[in-house]
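Q: Listed below, chain by chain, are the residues.
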Amino acid sequence: MTYLDHAATTPMVPEALAAMTAELGRVGNPSSLHGSGRAARRVVEESRETIAAALGCRPGEVVFTGGGTDADNVALKGLYWARHREDPARRRILISAVEHHAVLDPAAWLAQQQGAVLEVLPVDSLGRLRPETLRAAIEADPASVALISVMWANNEVGTVQPIAELAAVAREFEIPLHSDAVQAIGALPVDFAASGVSAMSLTGHKLGGPLGIGALVLARGTVPVPLLHGGGQERDVHSGTLDTPSIAGFAAAVEAAVRNLDAHAATLHALRSELVAGVLAAVPDARYNGDPDDRLPGIAHFSFAGCEGDSLLMLLDARGIECSTGSACSAGVARPSHVLIAMGHDEASARSSLRFSLGHSSTESDVAQLLEALPPVVERARRAGEIAAARHNRS
Amino acid sequence: MRVLAAMSGGVDSAVAAARAVEAGHELTGVHLALAEAPDSLKGKGCCTPEDARDARRVADVLDIPFYVWDLAEQFRVDVIDNFVAEYAAGRTPNPCLRCNESIKFAAVLDRAIGLGFDAVCTGHYARLVDGPSGRELHRAVDPDKDQSYVLGVLDADQVAHALFPLGGSVKTEVRAEAAARGLTVAAKPDSHDICFIPDGDTAGFLQARLGERPGSFVDTSGAVLGAHSGAYGFTVGQRRGLRIGTPAPDGRPRYVLDVSVVDNRVTVGPAEALEVAGLTADRPRWCGPAPAGTFECRVQVRAHGEAVPAAVTAIPEGLQVAFSEPVRGVAPGQAAVLYDGTRVLGSATIAATV
Ligand SMILES: Cc1ncc(COP(=O)(O)O)c(C=O)c1O
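Chain order of the listed sequences is A and B. Residues in the first sequence are numbered consecutively from 1, following our numbering. Residues in the second sequence are numbered consecutively from 396, following our numbering.
It should be emphasised that the hints constitute simulated quantities derived from the structure, not laboratory data. Virtual Cβ for every residue (Gly too), placed ideally from N, Cα, C. Please note: incorrect hints may appear among the correct ones.
Only part of the chain A face toward chain B is listed, based on derived beta-carbon distances under 7 angstroms [as the list claims (entries may be wrong)]:
#, residue
1, Ser-311
2, Met-314
3, Asp-317
4, Ala-334
5, Arg-383
6, Ala-384
7, Ile-387
8, Ala-388
9, Arg-391
Pairwise CB distance ranges (calculated) [as the list claims (entries may be wrong)]:
#, chain 1, residue 1, chain 2, residue 2, range
10, B, Ala-575, A, Ala-282, 42 to 50 angstroms
11, B, Phe-690, A, Arg-391, 29 to 37 angstroms
12, B, Gly-511, A, Ser-36, 52 to 60 angstroms
13, A, Asp-346, B, Glu-421, 31 to 39 angstroms
14, B, Gly-636, A, Asp-141, 54 to 62 angstroms
15, B, Arg-452, A, Leu-24, 25 to 33 angstroms
16, A, Arg-391, B, Gly-646, 47 to 55 angstroms
17, A, Arg-391, B, His-699, 27 to 35 angstroms
18, B, Gly-511, A, His-101, 26 to 34 angstroms
19, A, Gly-344, B, Gly-621, 53 to 61 angstroms
20, A, Arg-58, B, Arg-452, 43 to 51 angstroms
Some chain A residues well away from chain B (every beta-carbon gap over 12 angstroms; in silico) [stated by the list, open to error]:
#, residue
21, Leu-17
22, Ala-18
23, Arg-26
24, Gln-112
25, Gln-113
26, Pro-122
27, Glu-165
28, Glu-174
29, Gln-233
30, Ser-239
31, Thr-241
32, Thr-267
33, Val-283
34, Asp-293
35, Asp-346
Bound-form chain B, shown alone (with noise of 0.2 angstroms):
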């Protein structure tokens, strides 16, 4: 196959490539310059002019041609915007999940197809696996590693156009055979979890856009008990950073609830209260056919989680989601990823909870 390979300049993206090229594919190396201004003096985050050369060094290992695609502006647009704008509608987004929608295995695809690719090759941590009904995704083999979740939002023409040869490895092998292949990644430490803010302050960045938005935390029954600088700032199941002001009269930690930007007030309880019965989801997304009616699987809701029981119901709007047993900390924006057994079947964006 012609193969497009993205190159980050990481150590997994690299092994990939390595990897696919060996298979036997003709290889093709771009790297996503995703940032507008590169800060090459702090040599953080990822998409520095410094990783652009890691990657050029990797495929000029690999003797494959190489280039740089400048997707910035889609970038901030899709993925940034988006991620801002879903904070302050009072929701949680995976701006992961929404690269590989929207950038990767959409504005990348489309443009590897149109010039005449066969596939995008990354290096995920997934696995894809020729079933009855065509391709299918699972998890990678490498719990620690799984990126099936934020892979659940593609859908089956995307992974059919894909390649992930990494699925079936731990990390540390994957480190081992850059070292031994020669790449100069191989000791490159791992990539941050939001690539835009590289310092990981999430909290500074949303305000730096969104501003100061005083309002008030609230118990269940509506009394005040402080003060916060932005409802945007919380999401559904968090407990470090709130403070409060006022302590729970019980002492037990307590949880953030709800979030409702309406009228900027943030919930907090105790944890029991965070757990559901069951969620509404939007925007299904299904690797295959789509299901009708009700049916049994697992239901993963944010990416470090466990995939737990329950009945799905496909309605016209999306999906419902009934839990076997309770659930805590179901965030709307984040996504609801079906699995059957390690198979993807679909996901969708979670709306709210029951």
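Just chain A, with the same shape it has in the complex (with noise of 0.2 angstroms):
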């Protein structure tokens, strides 16, 4: 088996199984008063320590959620009502048009059900927003804008955001901007404070840490109305008994990525670019998608003109060739990817294409599996796209 889908979750490291792992068998709430809540309170509040030392946070400033989407949903409902209670003339949310759906879907939301304004800004070609193009949105009214979300690196092509500059301009009128890096941390530096941003999304299993655990970083000053009632856990913004073993995996696991990050970033960059090359060199006509040279190191994202990305995937599959269309859909029907159409790409190519993602365990042999069930692969789904193509002008 060859797993290409690091993006989409990437194994455990051994940090992180053993930090859980000695958490597991352990009894306390971190809430109660007894000895065991203390020494499961006090797990938590190393881990997040270590967490707020590794993004250059403050240990206060984070805030332990269910995973990614759990964190976009409360920066962007959260912080949407609170500023728009503080003053109801902000109704407007500006995000990039390359945002994963745990950004997209709840903007989406406010705007259906709760009379926000969602403004998609365009992309460039190669997926970047424009630092211009967000002041010119934002100069046609700044006081009516809520709040501003961009991803720090996009989780289907790669492309690494302008996120401080974006973050200048969004202080210049003093609107908060969150930023889902969810895919950036352990693959780029990343500095909370120095970037400027108000919040800022992760998640574990992206990283090295379990599944299902994941923190939401808020500056002081940037308080989302809770989406969760209950026991006042996590500063009022997320009720709920905190997992402490998860939590204790997640902080190794963010720790080691980060200490680990030019050493690991360098491996990946190399094995990346032997696989574009290998790629570019097996499917002449193969498009490499996103900014070639600002990208996350481990991924790689090409369009295969003429071949549906399902079949791809599905042939790779048949050879234990592990990868992704994009994003992973629940429904499992392939929808052309919104980050590709916002990028310029046709639908056809929009659906052609396919997402290698290299993590800490990939290989050069996994490389090289790649590269030798590739152009088969890719002239029988063309060959099956040209018997399709010819049906459809028949009938």
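Since each chain sits alone in its own frame, please combine them into the complex, following the hints.
A: Structure below.
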């Protein structure tokens, strides 16, 4: 089996596994006042400090959540409600056109159900939101902007956003900017304080930690209305008994990811260069998508003209090679990626795409396996596409 | 063989796939997403996200790869739009047949072959028999479930690439087998007749698309008997739901004898006036070499009808069928499927009665 889908989820690193399993057998609610509770609380708070140190924020700015989707929803809905409550004129939500559904969908929901006005800002052909685009959108009516959300790095094509510049624009107008950094942590240097963003999402399972745990980092003074009401944990922003074992594993993974960042990124970069060169040599008309330079080191994304991404995926899967057409969709019905459409691809091109993503367990042999399997697979998928096109023209 | 199993999420396609795996084939499951805006909350009809989940669960139990293929647009054009257009033209289409002809054993089969599969497996109740001149399509052993009629549109090549593992079983066996195999869909109710009209209100479905087209009911002499809101909503042989207004003078039930969308007239009359001696049909499809001249066989003119003896003549435009005895309820747009015993010879679309 050749696993080339680390952007979907990546295996846990040994540090995280050890930290998590050490806690799994222990009892103690971190909110309890007795000894067991205090012991659990200590693990949670030390984890929070570890994460804060790794990300350049204060421990008090880290709010644990059930993962990236959870963090994004708290940021979008919670900050929209808070800002709108402060000033009902604030109705506009500005997001980039390449956001993950965990941002796109809560924003669309706020527009449909809560009277927000959603503005999806266009990106260039590399998938980048230009700071001047953001500025122009704000300047149309600065007082009406409730919040801005722009991801740190894209999960499909890997393009990195000019986040510090975007944050500087937002700051000028004193509008909070949230950034989904789920794919960035552990792959790029991320310093929360230096970046100037007001809120940032991350998740454990994309960086070698456990599934179902993540965090929303909230700069001081950025206080969302909670989605979950209950015991008042996490500064009232995210009620619910804290998951001590997952938090311990998450912190260990964040710490390891940031500590190993340079070496890890260099390894991935080298492997990816090999993969990209190999794919372009084997399939000369393949189109390499995203920013060629300013991108996540582990993601390579291609369009294969004349092929259905679905067919490629299936044929590769049958040969033991696991990759993705972009972001996993629970219903399983492939829709052309909104990210590629936003980058200017037509529907057919958007449907013809595959993402190969590398991670800490990837090897040269993974790349070699892919390069061996790919040419006949592309040829087959292309033939299947031609048959379908011929039928379409007949009917 | 490398086999692509179409898995609807129902019990039949689940057991069909399980049997194909057991027969030693290398299986891949696909669920065909045919509804453009699936309504998961209603949970009715087919191709809902719930059906896709059920199909996926079965594939997991069988330990085979599983994918969802989005054929919604093609289904809308080839099956739904065609269904509406046929009614609008005064004919009575059979959408299941059309789906087999243009989706399952065309779009899906083509793509499967292109991707390197050898056959498409479905949960249809029909039998495939290797005969002297190639693969033959036969009726299923369960007369209540037999679906050879809606497969009658397949040509020899399509039949050669089909796999119907259920043709030799009755439905109760299939359900019991699903339960014994631990398939979670064992108790799932049977699917509806027309999957894209889950509430069964075909008249309402058509009216929403074709609008009101008021017209008259007339008798065979042309006398106006009442008003209707669109001739397209009626089918030759129909008795229920006519609401003619004036009762028949002799008090006997009246049937639709003819639907004319050109002048929007629906002709009604007594049951015996439904009797026809024969029909002409076009778009012939043969499951084997095309016959020439005139030959004797049995002809079935609707999904749940009986096959009756007839003399069939192949003509350039299609077929002429002369029934041995008069037949009632022959509706243009339906298929005339030709049988030799249990074997399907071919089919054509009924154009007119004579
Ligand atoms: C950019 C991005 N945001 C959010 C998510 C969702 O995170 P989670 O799976 O932890 O809910 C993902 C992962 O699918 C992602 O790639």
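Q: Run every hint past the structure and note whether it holds.
A: Hint check results:
{"no.": "1", "hint": "Ser-311", "in the structure": "holds, 6 angstroms"}
{"no.": "2", "hint": "Met-314", "in the structure": "holds, 6 angstroms"}
{"no.": "3", "hint": "Asp-317", "in the structure": "holds, 6 angstroms"}
{"no.": "4", "hint": "Ala-334", "in the structure": "holds, 6 angstroms"}
{"no.": "5", "hint": "Arg-383", "in the structure": "holds, 5 angstroms"}
{"no.": "6", "hint": "Ala-384", "in the structure": "holds, 3 angstroms"}
{"no.": "7", "hint": "Ile-387", "in the structure": "holds, 4 angstroms"}
{"no.": "8", "hint": "Ala-388", "in the structure": "holds, 6 angstroms"}
{"no.": "9", "hint": "Arg-391", "in the structure": "holds, 6 angstroms"}
{"no.": "10", "hint": "Ala-575/B with Ala-282/A: 42 to 50 angstroms", "in the structure": "holds, 47 angstroms"}
{"no.": "11", "hint": "Phe-690/B with Arg-391/A: 29 to 37 angstroms", "in the structure": "holds, 32 angstroms"}
{"no.": "12", "hint": "Gly-511/B with Ser-36/A: 52 to 60 angstroms", "in the structure": "holds, 59 angstroms"}
{"no.": "13", "hint": "Asp-346/A with Glu-421/B: 31 to 39 angstroms", "in the structure": "holds, 35 angstroms"}
{"no.": "14", "hint": "Gly-636/B with Asp-141/A: 54 to 62 angstroms", "in the structure": "holds, 58 angstroms"}
{"no.": "15", "hint": "Arg-452/B with Leu-24/A: 25 to 33 angstroms", "in the structure": "holds, 29 angstroms"}
{"no.": "16", "hint": "Arg-391/A with Gly-646/B: 47 to 55 angstroms", "in the structure": "holds, 54 angstroms"}
{"no.": "17", "hint": "Arg-391/A with His-699/B: 27 to 35 angstroms", "in the structure": "holds, 31 angstroms"}
{"no.": "18", "hint": "Gly-511/B with His-101/A: 26 to 34 angstroms", "in the structure": "holds, 33 angstroms"}
{"no.": "19", "hint": "Gly-344/A with Gly-621/B: 53 to 61 angstroms", "in the structure": "holds, 60 angstroms"}
{"no.": "20", "hint": "Arg-58/A with Arg-452/B: 43 to 51 angstroms", "in the structure": "holds, 46 angstroms"}
{"no.": "21", "hint": "Leu-17", "in the structure": "holds, 26 angstroms"}
{"no.": "22", "hint": "Ala-18", "in the structure": "holds, 31 angstroms"}
{"no.": "23", "hint": "Arg-26", "in the structure": "holds, 34 angstroms"}
{"no.": "24", "hint": "Gln-112", "in the structure": "holds, 16 angstroms"}
{"no.": "25", "hint": "Gln-113", "in the structure": "holds, 16 angstroms"}
{"no.": "26", "hint": "Pro-122", "in the structure": "holds, 26 angstroms"}
{"no.": "27", "hint": "Glu-165", "in the structure": "holds, 39 angstroms"}
{"no.": "28", "hint": "Glu-174", "in the structure": "holds, 41 angstroms"}
{"no.": "29", "hint": "Gln-233", "in the structure": "holds, 33 angstroms"}
{"no.": "30", "hint": "Ser-239", "in the structure": "holds, 29 angstroms"}
{"no.": "31", "hint": "Thr-241", "in the structure": "holds, 30 angstroms"}
{"no.": "32", "hint": "Thr-267", "in the structure": "holds, 31 angstroms"}
{"no.": "33", "hint": "Val-283", "in the structure": "holds, 17 angstroms"}
{"no.": "34", "hint": "Asp-293", "in the structure": "holds, 35 angstroms"}
{"no.": "35", "hint": "Asp-346", "in the structure": "holds, 16 angstroms"}
Consistency with the previously given hints is maintained throughout, with no hint failing.
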